[in-house]
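A.B. asks: Between the sequences and the hints, there should be enough to build the whole structure, so can you do that?
Chains as they are written, first to last, in the working numbering: chain R, 39 to 294; chain G, 230 to 613.
Treat the hints as calculated values from the structure; they're not laboratory data. For glycine and all other residues, C-beta sits at the position ideal for the given N, C-alpha and C. Wrong hints could be hidden among the right ones.
Pair by pair, the computed Cβ-Cβ distance ranges are [as the list claims (entries may be wrong)]:
| # | chain 1 | residue 1 | chain 2 | residue 2 | range |
| --- | --- | --- | --- | --- | --- |
| 1 | R | 75 | G | 543 | 51 to 57 angstroms |
| 2 | R | 88 | G | 553 | 58 to 64 angstroms |
| 3 | R | 195 | G | 434 | 22 to 28 angstroms |
| 4 | G | 338 | R | 230 | 52 to 58 angstroms |
| 5 | R | 103 | G | 256 | 49 to 55 angstroms |
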Amino acid sequence: MLVVGIDSGSTTTKGVLLENNSIIKTFIEPTGYNPKSTMMNIHSELTKGKEAYTVTTGYGRNLLENVDKSITEITCHAKGAAYLCSGIDAVIDIGGQDSKAIMLNSDGQVIDFLMNDKCAAGTGRFIEVMMKILHKDIGHIDSFIKDKTAVKISSMCTVFAESEVISLLANNKDPGNIAKGIIDSICIRTSNFAKKMPINSKSKVFFSGGLAKSDEIRLLLAEKLNCEVVTHEYAQYVGAIGAAVIGNQKANKILM
Amino acid sequence: MEIRKDLPEIFEDFSEARRNGFISAKQFKDQNKPMIGTFCTYMPQELPLAMGAAVVSLCATSDETIADAEVDLPRNLCPLIKSSYGFGKTDKCPYFYFSDLVVGETTCDGKKKMYEHMGQFKDVHVMQLPNTQFGEQAFELWKSEIVKLKELLEEKFDVEITEDAIKSAINLKNRERSALKDFYSLGKLNPPAISGGDILKVLYGSTFKFNREDTIEEVKNLTSRILDEYNSGKKLDSKPRILITGCPIGGITEKVVKAIEDNGAYVVFFENCMGAKAIEENVSEDNEDVYAALAEKYLSIGCSCMTPNPNRITMLNKAIDEYKVDGVVDVILQACHTYSVETLTTKQFVNKEKNVPYMSIETDYSTSDVGQLNTRMSAFIEML
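C.D. replies: The structure is reproduced here in structure tokens:
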């Protein structure tokens, strides 16, 4: 039984192909200006014309026609994270245009969640904008900020923080220290936001989204949250994986 | 006092629906009867009704006049306050325009300070509402403010408001509240008989009717018709049942109800001011002291401007059980500090005492967050 999960995010669109509940293929590409055609493209890349039960999620989830199910990214992130990593209590996702904290029960079901989607502060966009000023690719963030000392960034607003970074550069501050300060600021913000949920020192938190690829960011987040923060090489695909896992359950129910 | 009967200059620019609002308000005024505009549910409507006046709610529900209001008021203020002020200032609301007197109360900080500015272009009377429902002093203050309002109305409109007239107004309002309560109690039916969107339409629409006896009749007929149809098999699907609490909703903020009902659930109960908050309890008709009876009912309204505010929790407690609620959605208007701060108490009560999922959402009078509301509400409903 083939199942496709597609997560249409604000920055990238992710797809996974599941066969008998195991991941056999993944695909990612920038969402671009036409999220629907990006989703269609990923769907055909994954299925190569074969029949597959399809579930969509993410902010473009309702764009694709003829899908079997559309489920919100909250439910899918929880399912996907629980699939990748057993025994987790919460998921923290820093996405391109929002961030979320989700509490799970032992079955990987959502029991509570919080979303920050009012403003770019605290989202991936914040770091993206700052890295552009520093002329650094976000993929190289770890080597850039390793062993650096964070410069305090006091503005939470993306636009004001941009001016703050520019004036720090004008004061001849080390760009690595500034970058560390930016990461420090987003980790503090994310952990303060997530602490509205019952996360404590015994909790095991799964970190998802593109930023989870960075060990430095994950460790800094663990320090601020004062608990274990884990991730997975497929962390960026967690929404798509969750969609596919739910799809697999639904499809099997239909077959039975 | 001269009663206003002419239409505003801007009238010709209005859409048909709004012109009709102006015309029906004008027709009422042409009978030489006064119109009293109100903002909050604390205003004892029985007093103006006792002198034959119409009572209309002036809480505005669209972003149309927010830009006009922001010329005078800060941007970071509750949209309901800005919008209401804006409609008043621009003569775009028939009910504000034709109100001979606007009565406000010292409820939230935003409103009570806004009334100071509104007083510059409208006759505004502000009742001093205590911040607490506890203690004799609070009660006596509110009772004396009710008496003061009665005297002010008598003086302004050169009428006498007798206790007998107040008693019949209490009886009228009690019958109206009971009719509305019977109507929204249809929400107890499981599966539901009508959607939450329709419940809200009736509750909201009833605030703009001038003839209360007609309203009572209409609402009663509607309730029995829906009940008959339900009993003959006209039922909605069984879906998760949502209770809405928090700031006033209606007009543009119906987007929250829509986001819930478009994504697989029904709203079965509205705790907000437009809903049960002010309707659930009647005024005692046994108390010979009509002012004490009015003070007792109105002071007990569970608004977040009260501290502490146990009556809101009492109402939620009862409604969650009676309406078999699966999830609670707390609607907070942007910059509403009192409801926003109270989300913690409400969440703790709903989650821990009632073991029911809870979600608070902050929104305003724009449509920019409709996508985000849909995602949040779908995720919340998926969780139930």
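A.B. asks: Compare the structure with each hint and give your call.
C.D. replies: Here is how each hint holds up against the structure:
1. 75/R to 543/G: 51 to 57 angstroms: holds, 54 angstroms
2. 88/R to 553/G: 58 to 64 angstroms: violated, 45 angstroms
3. 195/R to 434/G: 22 to 28 angstroms: violated, 42 angstroms
4. 338/G to 230/R: 52 to 58 angstroms: About 26 angstroms separates the Cβ atoms of residue 338/G and residue 230/R, which means 52 to 58 angstroms is violated.
5. 103/R to 256/G: 49 to 55 angstroms: Between residue 103/R and residue 256/G, where Cβ atoms are some 51 angstroms apart, the hint holds.
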